[in-house]
Amino acid sequence: MRRKTVSLLLAAAMMTSFAAAPVFAEEIETEEATQEEAEHVYTNAADGMTLAIVTKAAGNPYNEKEAEGFTEVVEGEGGTVVVQHPESATADAQIAVINSLISQGVDAIAVAANDTNALSAVLQEAMDEGIKILTLDSDVAPEDRATFCNQAGVQEVGQSLIDAVYDLTGGEGQYAILSATSQATNQNAWIEAMKAISEEDEKYASLDLVEVAYGDDEYQKSTDQTEALLQKYPDLKVICAPTTVGIAAAAKVLQDQKSEVVLTGLGLPSEMAEYIGDDEEHSCPYMFLWNPIDLGRLAAYTAIALVNETITGAIDDEFEAGDMESSPYTLTAVGDSEEFSEIILGPPFKFDPENIEEWKEVY
Amino acid sequence: MAGKSGRTISAEPRGTVKKLLFSWESAMVLVFLGVILLGNVISPYYTLKNVFREMPKYLSEIFIMLAMGYILVLGDIDISVGSIVCLSATLACIADNAGLPFVLVVLICILTGLACGCLNGFIASHFTELPTMIITLGTQIIFRGIAEVSLGPGGSISLQNKDAIKLLSRKIGIIPVSFFVVLVFALIFIVVLGRTTFGRKLYAIGSNSTAAKYAGIDVQKIRWIVFTVAGTMAGVCALFFLASTYGASTTTGQGFEMEVIAMCVFGGIATTGGKGKLIGGFFAAFIIVCLRIALGQINMNTQLILVIIGAMLIVSVLIPAIGNALRLARKKAEKA
Amino acid sequence: MSDIEASAAQQEDIILELRGITKIFPGVKALNNVHFQLRRGEVHALMGENGAGKSTFIKVITGVHEPEEGQIFLNGQEVHFRNPKDASAMGIAAVYQHPTSYAQLSVTENIFMGHEIMKGRMIDWAAMNKEAQALLERLNANFRVTEEMGALSVAQQQMVEIAKALSTGAKIVILDEPTAALTANESKELYRIVDQLRDEGVSVIFISHRMEDMYRLATRVTVFRDSQYIGTYDVDKITTADLIKAMVGREISDMYPKPEVAIGGELLRIENFSRQGFFKDVSLNVHAGEIVGLTGLVGAGRTETMEAVCGITKPDSGKVYLEGRELSIRKPKDAMKAGIILLPEDRQRQGLILKWGLGRNVTLPIQEEMANSVFNNEKKERQVAREYLESVDTKAVTIFDAASSLSGGNQQKVVVAKALAQKNMKVVIMDEPTKGVDVGAKAEIYAIMGDLAKQGYGIILISSEMPEILGMSDRIYAMCKGRITGCLDRSEATQEKILELSME
Amino acid sequence: MNKKENGIFRKITGSREASLLIVLIILLALIELLQPSFLAPQNIAQIFRNNALTMLMALGMLCVMLTAGIDISITSVLAFSGMTIGLLQKYDVIHNTLLLFLIGAAIGAVCGMLNGLIISKGKVAPIICTMGFMYIWRGMAYVISNNAWASAEDVSGFSDFGKSGAPGPYIILAIAYVIFFIVMKWTRFGRRIYAVGSNAEAARISGINVDKTITLVYTIMGLLAGITGVLSVSIYGSAQPNMQYGKEMDVIAACVIGGVAMSGGRGTVVGTFMGALIIAVIAKALPLVGLDSLWQNLVKGIIILVVVILNVVTQRVMDRRALARREM
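Chains as they are written, first to last, in numbering that gives the first Met the number 0: chain A, 0 to 362; chain B, 0 to 335; chain C, 0 to 503; chain D, 0 to 327.
It is worth saying that the hints were derived from the structure and are not from the lab.
Be careful, since some hints might not be right.
Listing some non-contacts, in silico: residues in chain A with all C-beta distances to chain D over 12 angstroms [as the list claims (entries may be wrong)]:
hint, residue
1, N59
2, P284
3, E324
4, G345
Each computed EDC-like pair below joins lysine to aspartate or glutamate, with the alpha-carbon atoms no more than 16 angstroms apart [as the list claims (entries may be wrong)]:
hint, chain 1, residue 1, chain 2, residue 2
5, B, K212, C, D345
6, B, K161, A, E142
7, C, K379, C, E367
8, B, K170, A, D127
9, D, K162, A, D255
10, C, K313, B, D217
11, A, K349, A, D277
12, A, K257, D, D159
13, C, K434, C, D450
14, B, K165, A, E124
15, B, K212, C, E344
16, C, K244, C, D225
17, C, K336, B, D217
18, B, K48, A, D127
19, A, K349, A, E124
20, C, K354, C, E325
From the three backbone atoms N, C-alpha and C, an ideal C-beta is built for every residue, glycine too.
Only chain A is shown next, with the shape it has when bound in the complex (with noise of 0.2 angstroms):
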C-alpha cells in the first residue's frame, strides 16, 4: 500500500506544478505590458502590414526584452507582428524559421544574426520575394540586409568597455576577455573595436589583454571559462564580458569566491542587480548596456519606415520613430563604406549602484 500512497503523492506534486508555471508566464507579460503601454502614442502607420523578428534562440531573457518591444511597437501601430525564438542559437536554427517566414509571405523581417555569413543565403531569397530585411543586435553581412539597428555604435561601446577596464585596472595590468560564441559578430566587433583603441592611444599601453575565452552563451560553459581564466591567471585584474549569459555567470563566480577580480562588460539591470556595487561585497561595481527594450522598438519602426518605402536603406536616409526620446533617425554609414548603412540607437548607458534598483524593473 505505501508504495500507491507514494506514487499518488508524486504524481499530485507533478500536475501542481504543471498547471501552475504556465499560469505564472502569462500572468507576468499582462502586467508588464499595461505599465509600459499607457506612456506611448501611436499613428496607426502598420495597418495592414505583417512583420517578424527573429531572435537569436529562445530561453533568453535580453531577446524576449527585444521581441517585446518589437511587438508593443508594431501592434500599437496597428499591423500584426510575428515572433520566432530559434531551436538553438545556431545559424542553422535560424536559417529553418526565416524560410518559414518567407513562405508565410511577411512584408519585413527583422534578425538578430548567430552568423555573419550563414543567412546569406535565405536573405538574398527573402528580399528576391520582395520581403524587407534588417538586422538588430548582431549584423550579417552589409549586402544581406537593407540597414542594421545598431544598439551602440561599435566603436562607442569598444571605447567604453576599454575605458572601463582602463578605469578599473588602475591603468595597467592583465585583464581578459569572457565572450558569447565565436561566431557571434556583434562581440567580435567590439572586442576587435577594443583592441583597436588601445594600440592607437599608447595611453592604454600598459593593458594586457592576456585571453579571449568563449562562453557559448551558456551559463555552465561560461562558469567552467571564468574559473579556468582565475587559476591560469593569479595577478588577473579585470575581466570584461560583452554578453548577458556571460557576465552574468563570472558575476556570481567572482561574488562567491570573493575574489579581488573585478568585473565589467554588457548586463541586462534585472540579471545583474545581485551583483552591482562599490564594495567588497559586490563583483562588479559598474556595466554598461542599452534598453533591449528601445532597440527592439527602433527595429519595428524601421521596419514600417522599409515596407512604407519612406527609407531605402541608403545613407542619410531619415525616418520618424513615433515618440522616441531621439526620433527623428538618420542612417549612418557602416564604418567608412558609402553604400552600407545602419542606425545607431544611441550611446551606451552605465549602470552603477545608484540607478541599478530602478532600472532592475524595466528590463
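Got chain A; can you put chains B, C and D on it based on the hints?
Relative to the frame of chain A, chains B, C and D by itself:
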C-alpha cells in the same frame, strides 16, 4: 527422394495484398497524407513551393537515416554519426580555407566520414563482446573532440569560396537539388536492403547472428561494411549541411543521431534487429519534416514541436504493447 | 481425495504424488495422463527417451508449468503451485541441467537470492557467507563462496545449485541429468552427495540416461515414453534389456533401418586436429555411403572438433583432405563451398532463425546461387524450398510458417532440408540430430540418414545416445577429454566397450 | 603458472575497484608533480562542486545500467524540474529550500516512473523510450519558462545553499553515496537489481517481480535527476531551459569507466564514484599539462575506449589462461 508420405506444402504466397494493406509501412503512407492534409488546413502558406523551400535543412539528415536503418536492422546502434558530421564539415572547411580546390574539399568531407565509420566498424567487428552503444559513445566524444581541437578556441569556421558549394543548394524549378539526391540514395538503399542477398544477410544477422554465422554469412565483415557506410553517409550529410550554412562549429550535428534513430523507429524498424523496412523509415522522415514545416508556419513554439515529436515516437513504439493488452483483455473477457 | 486413501498414503509414507497430469503445448501434448509416487527419504530415478516428457514433468512439479488436468498431493494434501516460489516454499527444489544462475554474482548470493538472511532490514553478509561455506563444506566443495558464479565449472555450479536447494530446507530435491556434464570422479562425488541427502531424510528424484547412475543410486525407477507413464519398477527386479524395451517400446533393431550400402572411396579425412583446451591430435575419416559415429561424454570435444573442421572456430593445427585434395578452410563459407555441411547441435540458436519462415531458412545459405546477379529470385527460392522441405516430409502447411511454430522433430527436418539444398554437399556432419525429438520423428530422421548413405554422401553422426550410435554407424570413433580413444567397427562394437572408451 | 602469481594477477584485474583506484592514484601523483597545489583542499572541493551533478546522477545511471537499461532523458528531466523550481521562486510562490528540493524530487520521480512503466509494461526499448522523453521534458522546460530565466536575484536566498564554499552540495553528494552504498550492498532491493540485470528469467523464477524492480529503478533515476536539477539551480544561481544540454553522455561515460557493464549485472557504487572522479580529475588536470581545455573531450573519449577494450582483452587473457590449465 520424394517425401514418403507424399504430403505437399504450399509455396504460393497468400494474402500478400491484405498483409501489405495492414503493414506498418502503409500506415506510414496514410499518416503522411494526413500530415499533408493537416498542413493545408492549419496553414494557408502550405504550398508545394513553400514546403520545398523549407525542406533542405531537414533533407541532409535523411542521408544518415538510410544508413542508420541498416545498423538498426543488424541489431546494432551508432550514436556517433552526429559527431562524424561535425568532424567532416570542420575538416572540409579547413581544407577550403587552405585554398584546396572544391573537388578536394568534397572528397575530404566524404572520406572523413568514411574513415570514422571504418574505425567504428573495426572496433565493433574485432571486439564483438562490446555492445556498439559503448563503442560509438566513445567515438562520439572522440570525433567531436578532434573537431574542437582542430577548430581551436574560436570553436567555429566558415567556408571561404561559397559559390562552388552553392550548386549543391541550387533548385531545379521549385525543387531543391538535394531532394533528388536524397531520392536517388533512398532508392538504392531501399532496394539493396529489400531485394538483394546483402540485404537479407542483414536481416539474418539482426534476427540471429549465430545462426547467420553457421549459415556461412561473414557476420563481422558485413558489420564492418555497414558501419563504414554509415560514416560515409554522415560525410555526405555534412556536405549538404555546408551547402546551407557555409560553415561548421563545435555544435554542428548535435542531436542528429537521436533524430535519425527516431525516424527509423517511427518508421517501424526495431532497435532489437531483424525487423522493419527502410521504406517505412523514409516515409517517417518525411512525416516528421512536413509536420515540422506545417507547425513552423503557424509559428508554434519551436520547443513545443519537439515535445510533439517526442510524444509521437513513444506512442508509435507503444502500439504493439497496446495491441497485445487489448488482445489479452479480449481473451480474458471471452474466458470469463 | 478421501481420508482412507490419505491414511494409506501415510503408511506407505508417500511424500509426493501426482495423478492424471496432462500438459499441452501448441501442437504437441507434452504430458498425457501421467501418475507418479515418491516415498519419503527415497531416491527415485526417472528415465525415458529424449522428448518423452521428463523435463516437462519436472517443471510441473516445481511450478514452472501449470498442468491443464491432474492433481498434485504433498504429504497427502492437494496443493497448487502458481509459480516456482510456491513450490520452493513447500520444500521442492530443482537443479536443472544448464544451471540458471547469476553469472556475475558471488556463490553466496546465488544460493540465498530471494531468501536472504536478514539482520533487521539489512542483509547479514557475514552469516550468509558462513552458512554458504558450511553448506559447501557439507558437499565438500573445494572453492570459496566469494567466487563469481560465472568462473566456476559446470560441476561446481551444480554443487552450488544443490546447496541452494538445501538452504531453502528442501525436502524433495530434483536433479535433471546431473551427471551429463560431469567427469567420472565428479560423478562419484555427486553419488556421495545424493547418499548424504538420503541419509538426512531428503527424497531425491533424478533424470538420467546413464544406467550406471540408476543402478548406483535409485531404489525405484519410473519410465516415461511418448509423454505417457509406462510403469514404475524396483531397480533390482528389472533387467537392463527390459528397461530399454520399456523406454524404447520396440526392439532396437527395427528402430534403426540401417541400409546395407557399398562403402565407396574416402571422402573426408582430417589429420591431428588440435585446439588448446578443447581437442588434441584428432584424426578420422569418412567414406562415401558410410555413416561414421562420433561418441563420448559431454565435454569430450566432439562438437568443438567438427566446428573447427567446418571453419566456425580456428584450430591451432590440423589438415583437412576432401577426396584426397587438401583444403584450406578459414571461414564457414569455405567448408560449405567444398561440400562439408554441418547440422549444428543447438537447432534453435545455431541451426535456424526461429522468427523466419521455413522457406527463407532453407534458402538462406544458397541465396547467392539462385539470385540473378545481386537481386534475390523469390520465385525460384520458393520452388527450391518447397522441393526440399517436401523431400524430407516436413509437417507444415506453407513454407511461410514460422520455424518457431514447429515441433523439435520437424525443426530438425528443416535443418536437414537446408543441408540437402546445398547441391554441392558431399559430407554432412549431424550433431545430436535426434535430441529433444519425439520418437516418430526420430525414425524418419534415421530413414533420411539411410537414404543419404544410399546416395553416396559421407555422414558423420555425433551423438551421446548409445542405441542410436550402435544402430546407425558403420564405424564408431569414441572420444574422451579431447582425444580419440578408439575406433570400433560396427560388428565388434558393444555398449560396454564404447562406455569404457568414453570414460578414462 | 604457480598458485601465488595467479592469485595476485586475478586479485588486480579481478576486482574492478582495485584497478580503478590504482589508475586514480597514478593520475593524482602525476598531477601533483606538475602542480604542487593541485591537491589543496580548496581545489579538491572545487572538483567535487563542478562535477557534483554528474556524480549524483551517476548513482541513478548505475542502477539503470545494472538492469541492462539506459536513460538519456535525465538532463531533460533535470532542466524541467530545475526550471519549475526556478519559476516558483521567480513568481514568489515558494522560497523554502527544503520544499523546493522535495518538489524537484517529486517531479523527477514521476518522470522516472513514466519511463519505468513504459519500458517494463510497454516492453519498449529503454533507448527509444528515454529518447522520446528527452525531447518531451526539454521542450516542456522551454514551454513553461516562456523564455524567462530565473535570474540570480530571483533565487538569491535559495542559491546560498549551493554557493561555492557552502556545504550544501557536498552534503547531498555524501548522503546519496552513503545511502546507495548501503542499499546496493545490504538491502534486498539492491540485490534484486543485480539479479534482474544478471539473469531476468532466473530472477522471475525465484519469485522476484522483475517489472516492478525495473519501474522502481527508473523512478529512482528520475528522482535523482529531479534533485540534481534543483541542485544545479542553487549552484549556478540561475535556471535556464537549456541547462546541462547534452551532459547525459558524461554520466554514462562515468559509469562505463567505473566498470558498469551495459549488458547488466555488473557494477558497483565505489566503481561509479571512481569513474566520475577520474573524468573530473582529468578535466582539471589538462590545463596543467599544457593541453588547452579543448582537448578535454578527446582525452575523455580515448579513455572510455581504452578502458572498455582493456576490460575485453584482460577477460580474453584470463579465458585463454583457464583453457591452458585444462590438461588434455
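Here is what the structure says about each hint:
{"no.": "1", "hint": "N59", "verdict": "violated (7 angstroms)"}
{"no.": "2", "hint": "P284", "verdict": "holds (17 angstroms)"}
{"no.": "3", "hint": "E324", "verdict": "holds (27 angstroms)"}
{"no.": "4", "hint": "G345", "verdict": "holds (25 angstroms)"}
{"no.": "5", "hint": "K212(B) <-> D345(C)", "verdict": "holds (13 angstroms)"}
{"no.": "6", "hint": "K161(B) <-> E142(A)", "verdict": "holds (15 angstroms)"}
{"no.": "7", "hint": "K379(C) <-> E367(C)", "verdict": "holds (12 angstroms)"}
{"no.": "8", "hint": "K170(B) <-> D127(A)", "verdict": "holds (15 angstroms)"}
{"no.": "9", "hint": "K162(D) <-> D255(A)", "verdict": "holds (6 angstroms)"}
{"no.": "10", "hint": "K313(C) <-> D217(B)", "verdict": "holds (14 angstroms)"}
{"no.": "11", "hint": "K349(A) <-> D277(A)", "verdict": "holds (14 angstroms)"}
{"no.": "12", "hint": "K257(A) <-> D159(D)", "verdict": "holds (14 angstroms)"}
{"no.": "13", "hint": "K434(C) <-> D450(C)", "verdict": "violated (20 angstroms)"}
{"no.": "14", "hint": "K165(B) <-> E124(A)", "verdict": "holds (13 angstroms)"}
{"no.": "15", "hint": "K212(B) <-> E344(C)", "verdict": "holds (14 angstroms)"}
{"no.": "16", "hint": "K244(C) <-> D225(C)", "verdict": "holds (13 angstroms)"}
{"no.": "17", "hint": "K336(C) <-> D217(B)", "verdict": "holds (14 angstroms)"}
{"no.": "18", "hint": "K48(B) <-> D127(A)", "verdict": "holds (15 angstroms)"}
{"no.": "19", "hint": "K349(A) <-> E124(A)", "verdict": "violated (40 angstroms)"}
{"no.": "20", "hint": "K354(C) <-> E325(C)", "verdict": "violated (38 angstroms)"}
Figure legend: structure checked against the earlier numbered hints; hints not met, in rising order: 1, 13, 19, 20.
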